[in-house]
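Visitor: Chains P and V, in that order, are what the protein sequence lines are.
The first sequence: position 312 = 312 (the numbering used here), numbered continuously.
Here the numbering used here = 1-based position in the second sequence + 489.
Note that these hints are calculated values from the structure, not bench results.
Treat the numbers as computed from the prediction; the structure is a model and nothing was measured.
Careful: at least some of the hints might be erroneous.
Said to hold, decoys possible - Lysine-lysine pairs mimicking DSS-like chemistry, simulated, CA-CA at most 25 angstroms apart:
| hint | chain 1 | residue 1 | chain 2 | residue 2 |
| --- | --- | --- | --- | --- |
| 1 | P | 161 | P | 98 |
| 2 | P | 224 | V | 737 |
| 3 | P | 224 | P | 128 |
| 4 | P | 259 | P | 325 |
| 5 | P | 224 | P | 98 |
| 6 | P | 107 | P | 259 |
| 7 | V | 737 | P | 128 |
| 8 | V | 689 | P | 107 |
| 9 | V | 752 | V | 737 |
| 10 | P | 128 | P | 89 |
| 11 | V | 689 | P | 161 |
| 12 | P | 259 | P | 128 |
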Amino acid sequence: MNMPHENAEDVLRQLRAVLPDTSLITDAAGLKPYETDGLTAIRELPWLVVLPTTEQQVVEVVNICRQNQIPIIARGAGTGLSGGARPHKHGVVLGLSKLNQILHVDKDNGIARVQPGVRNLAITDAAKEFGLYYAPDPSSQIACSIGGNVAENAGGVHCLKYGLTVHNVLGVRVVTSDGEVLEIGGALYDRPGLDLLALLCGSEGMLGIVTEVTVALLPQPQQKSVILVGFDEVTQAGAAVANIIAAGIIPAGMEMMDKRAVEAAEQFAHAGYPLDAAAILIIELDGSDTEVQALTTQVSDLLRRAGASHIECAEDAQTQARLWKGRKSAFPAVGRLSPDYLCMDGTIPRARLAEVLTRIEELSSEFNLAVANVFHAADGNLHPLILFDANVAGQTEQAMSMGARILEVCVEMGGTVTGEHGVGVEKLDTMCVQFNAAELEQFFAIKRAMDPADILNPGKGIPTLTRCGELGGMHVHGGRLPFPELERF
Amino acid sequence: MVTDQTAELAEAVASAVAENRSLSIVGHGSKKNWQPRLRAEPLDLSSHSGVIDYQPTELVLTARSGTPLSELNQVLAEQGQQLASEPPLLGETPSQGTLGGAVACGFSGPARPWGGSLRDAVLGVELLNGKGEVLRFGGQVMKNVAGYDVSRLQAGAWGSLGAMLNVSVRVQPIAAATQTMKLTMDAEQANALARSMAQKHLPMTATCWVDGSYYLRLSGHAGTVAQGLEPLSGELVDADLAAAFWQKVRDQQHEFFTSTQSKRLWRVIAPPAAPLPNCTEDLLLEWQGGLRWLRHDDADFVQDYARQVGGWCWAMGEAQPIDAAQSLLMRRLKSAFDPADVFVSAFSDPKLLGGGSTSAD
Numbered sequence: 001m002n003m004p005h006e007n008a009e010d011v012l013r014q015l016r017a018v019l020p021d022t023s024l025i026t027d028a029a030g031l032k033p034y035e036t037d038g039l040t041a042i043r044e045l046p047w048l049v050v051l052p053t054t055e056q057q058v059v060e061v062v063n064i065c066r067q068n069q070i071p072i073i074a075r076g077a078g079t080g081l082s083g084g085a086r087p088h089k090h091g092v093v094l095g096l097s098k099l100n101q102i103l104h105v106d107k108d109n110g111i112a113r114v115q116p117g118v119r120n121l122a123i124t125d126a127a128k129e130f131g132l133y134y135a136p137d138p139s140s141q142i143a144c145s146i147g148g149n150v151a152e153n154a155g156g157v158h159c160l161k162y163g164l165t166v167h168n169v170l171g172v173r174v175v176t177s178d179g180e181v182l183e184i185g186g187a188l189y190d191r192p193g194l195d196l197l198a199l200l201c202g203s204e205g206m207l208g209i210v211t212e213v214t215v216a217l218l219p220q221p222q223q224k225s226v227i228l229v230g231f232d233e234v235t236q237a238g239a240a241v242a243n244i245i246a247a248g249i250i251p252a253g254m255e256m257m258d259k260r261a262v263e264a265a266e267q268f269a270h271a272g273y274p275l276d277a278a279a280i281l282i283i284e285l286d287g288s289d290t291e292v293q294a295l296t297t298q299v300s301d302l303l304r305r306a307g308a309s310h311i312e313c314a315e316d317a318q319t320q321a322r323l324w325k326g327r328k329s330a331f332p333a334v335g336r337l338s339p340d341y342l343c344m345d346g347t348i349p350r351a352r353l354a355e356v357l358t359r360i361e362e363l364s365s366e367f368n369l370a371v372a373n374v375f376h377a378a379d380g381n382l383h384p385l386i387l388f389d390a391n392v393a394g395q396t397e398q399a400m401s402m403g404a405r406i407l408e409v410c411v412e413m414g415g416t417v418t419g420e421h422g423v424g425v426e427k428l429d430t431m432c433v434q435f436n437a438a439e440l441e442q443f444f445a446i447k448r449a450m451d452p453a454d455i456l457n458p459g460k461g462i463p464t465l466t467r468c469g470e471l472g473g474m475h476v477h478g479g480r481l482p483f484p485e486l487e488r489f
Numbered sequence: 490m491v492t493d494q495t496a497e498l499a500e501a502v503a504s505a506v507a508e509n510r511s512l513s514i515v516g517h518g519s520k521k522n523w524q525p526r527l528r529a530e531p532l533d534l535s536s537h538s539g540v541i542d543y544q545p546t547e548l549v550l551t552a553r554s555g556t557p558l559s560e561l562n563q564v565l566a567e568q569g570q571q572l573a574s575e576p577p578l579l580g581e582t583p584s585q586g587t588l589g590g591a592v593a594c595g596f597s598g599p600a601r602p603w604g605g606s607l608r609d610a611v612l613g614v615e616l617l618n619g620k621g622e623v624l625r626f627g628g629q630v631m632k633n634v635a636g637y638d639v640s641r642l643q644a645g646a647w648g649s650l651g652a653m654l655n656v657s658v659r660v661q662p663i664a665a666a667t668q669t670m671k672l673t674m675d676a677e678q679a680n681a682l683a684r685s686m687a688q689k690h691l692p693m694t695a696t697c698w699v700d701g702s703y704y705l706r707l708s709g710h711a712g713t714v715a716q717g718l719e720p721l722s723g724e725l726v727d728a729d730l731a732a733a734f735w736q737k738v739r740d741q742q743h744e745f746f747t748s749t750q751s752k753r754l755w756r757v758i759a760p761p762a763a764p765l766p767n768c769t770e771d772l773l774l775e776w777q778g779g780l781r782w783l784r785h786d787d788a789d790f791v792q793d794y795a796r797q798v799g800g801w802c803w804a805m806g807e808a809q810p811i812d813a814a815q816s817l818l819m820r821r822l823k824s825a826f827d828p829a830d831v832f833v834s835a836f837s838d839p840k841l842l843g844g845g846s847t848s849a850d
């Protein structure tokens with residue numbers, strides 16, 4: 001066991017006193033599964049893993065760690081893609097997997113109260129008997145936990161119509177770095193005072209540890225239809241998306257894939273995607289029977305007018321599942337094309353899509369690395385997958401540099417470096433492109449206010465000014481040199 | 490009028506900090522009745538006005554915070570769009586009320602449970618903090634998890650953390666069809682009906698029970714709206730009358746708010762299905778039961794009731810109730826944005842976020 005603390009034995013004794021034996025992992029074999037999250041390129045064994053079974057145990061662990069200045073890395077299901085749950089070698093990973101109870105499904109108030117370790121999809125499963133469901137559906141929803149969803153403000157493919165985690169969570173219980181338990185919100189549409197809930201959503205475990213979540217449940221739509229459409233030009237697909245929105249239609253989902261992603265998905269899932277298309281869209285419409293029928297006709301018309309070369313409408317669940325299967329397996333499918341791939345997560349104004357794809361194509365030639373693009377077209381969230389081989393010397397670094405360049409393009413186009421995967425450790429450097437020194441300092445001031453002891457997931461999410469200053473390439477943001485007060489070396 | 494006052498406003502904050510003066514941020518002052526009287530020099534944002542960017546197909550609008558809400562509503566309506574949360578206009582005239590004021594006060598209108606709150610729609614802000622720095626957070630895109638969500642934190646902060654210079658908000662298409670039905674029933678029946686409606690996938694956009702009548706508004710595809718109302722045995726309200734009715738409820742201009750001025754007005758937020766108070770003659774229900782306006786002079790009665798049902802209540806012109814543990818964190822957050830405590834706000838009561846001086850007189 002890694003024993004980094006002078007008083008390690010004493011801390012262990014204190015932890016043993018408050019945790020059941022099965023809630024404390026100290027041996028290397030037991031620690032191994034916690035060495036990484038969904039960003040598997042980065043690994044580190046933690047000092048310890050604790051798996052509390054009650055909120056009170058979370059409080060005790062936080063108090064012991066604070067008194068001993070030991071970092072706490074909260075962890076849900078470990079599916080995060082940005083290294084937010086990457087361990088600290090001197091730190092404690094606080095896994096919330098044993099807090100996994102659905103406490104109450106309250107159909108009258110349209111909410112569920114759940115513990116943070118409950119899987120995203122399990123909430124919908126529990127609500128099904130009342131005809132209700134939980135809307136945000138990140139692609140990892142079979143495995144990812146609701147506590148992790150809150151920490152990352154997770155999205156999914158239905159965000160434009162149904163919102164992100166921040167729009168669908170009405171309350172949380174949270175343990176602060178001071179060891180206080182706060183009860184924020186509940187089955188309520190409004191909360192007094194500053195909106196701590198907004199601040200906690202997407203804060204990557206750096207401002208508090210969520211021990212209970214109240215989520216809003218929605219009635220299942222009566223009917224759905226899914227339309228698969230192919231275009232000879234990417235620009236036509238982009239224009240079709242804009243035309244649908246301009247017609248006042250908010251589809252439940254609207255996904256785009258480029259030719260390389262389509263080829264990969266088709267080989268993998270046999271979804272019946274048109275292989276000759278430059279881009280495809282998968283559009284989901286929902287509502288009442290008559291509404292879905294009318295919308296399907298209207299959208300099909302708009303697609304034809306935008307120059308669609310292939311349209312398939314699926315009204316039955318089986319065909320719909322087939323059409324979605326290709327999209328939902330796009331990542332593993334691309335994974336089969338190449339030994340490794342890096343998934344980026346920029347968001348751009350939709351109107352700039354064609355420009356961004358052209359720039360990505362140029363970068364692809366420059367770095368000599370192939371890219372497959374998967375795009376949440378409804379909300380502008382772009383996932384370029386950079387294909388590389390980690391066994392070829394230098395390719396990992398090349399892929400990372402290319403990824404950073406893509407994110408710079410996203411920022412330049414008025415977008416952001418991360419739409420839904422979070423900053424974690426992965427995007428610390430690209431944060432320097434998006435924010436200047438005063439803005440980063442404002443983030444740190446928030447962190448100090450919420451976690452004065454600096455024990456909650458330290459070093460993640462927000463890059464230090466020194467780190468940004470030391471970055472090779474300097475970026476000018478809004479005409480301002482980003483870190484004028486720092487020396488350059 | 491389109492004007493950019495960023496430099497003047499930043500200078501005003503910097504000199505207030507240097508001279509140890511307090512400022513209270515004000516737009517049109519249309520919501521002043523909801524906050525305690527502030528003893529501070531106003532920092533007037535009303536001339537910092539104008540739409541900066543509006544892309545209807547991106548569903549995003551960016552405007553300076555002093556832009557009148559009435560002007561924004563007009564600009565959006567011309568493109569068949571709207572703010573889904575229907576923020577209220579609480580001034581003496583409908584032209585009063587700014588975008589910044591609406592976000593800062595965090596009020597949402599009748600559509601809130603279905604269209605989301607105004608806070609939900611906030612995508613980005615440019616903020617003038619208490620150090621006089623102009624900072625940008627969030628942006629103009631729907632999905633953004635880069636850094637803490639400082640933008641949405643400004644919603645409902647009543648200007649305690651700084652002055653929003655511009656705000657980007659997500660907008661929504663106006664529905665193809667809207668119908669309002671009026672049913673005669675008591676409040677208990679209305680809340681029971683709300684429960685059964687809430688469990689169906691219907692395009693509800695407002696509910697209001699007042700004085701023996703229950704009003705339901707559905708907005709969406711015409712067929713779905715008709716289908717949703719079909720099983721109900723109420724009367725359809727003429728479209729113009731219905732629009733006027735919802736506007737009065739939204740803007741607190743309905744007789745319920747204006748005619749019984751003798752009793753104190755309370756805004757009670759409760760779980761939608763929670764039991765109703767036993768004083769339904771002084772009650773107006775919105776948000777399918779989640780918002781309960783009460784006219785009552787006995788503060789103990791209202792506070793006990795709100796506590797019993799697991800909600801909270803707030804009397805017009807008084808401090809919001811915030812528990813001690815949260816209040817401590819909020820105070821620290823306030824200092825993180827405004828270390829010199831230059832911004833006096835509705836939260837400046839020592840019991841809440843401390844600092845500044847307010848007066849209940």
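Visitor: Now tell me if each hint is right for this structure.
Guide: Status of the hints after comparison with the structure:
{"no.": "1", "hint": "P/161 / P/98", "in the structure": "violated (33 angstroms)"}
{"no.": "2", "hint": "P/224 / V/737", "in the structure": "violated (36 angstroms)"}
{"no.": "3", "hint": "P/224 / P/128", "in the structure": "holds (17 angstroms)"}
{"no.": "4", "hint": "P/259 / P/325", "in the structure": "holds (16 angstroms)"}
{"no.": "5", "hint": "P/224 / P/98", "in the structure": "violated (36 angstroms)"}
{"no.": "6", "hint": "P/107 / P/259", "in the structure": "violated (44 angstroms)"}
{"no.": "7", "hint": "V/737 / P/128", "in the structure": "violated (38 angstroms)"}
{"no.": "8", "hint": "V/689 / P/107", "in the structure": "holds (11 angstroms)"}
{"no.": "9", "hint": "V/752 / V/737", "in the structure": "holds (19 angstroms)"}
{"no.": "10", "hint": "P/128 / P/89", "in the structure": "violated (42 angstroms)"}
{"no.": "11", "hint": "V/689 / P/161", "in the structure": "holds (17 angstroms)"}
{"no.": "12", "hint": "P/259 / P/128", "in the structure": "violated (37 angstroms)"}
Checked against the numbered hints above, the structure breaks hints 1, 2, 5, 6, 7, 10 and 12 and satisfies the rest.
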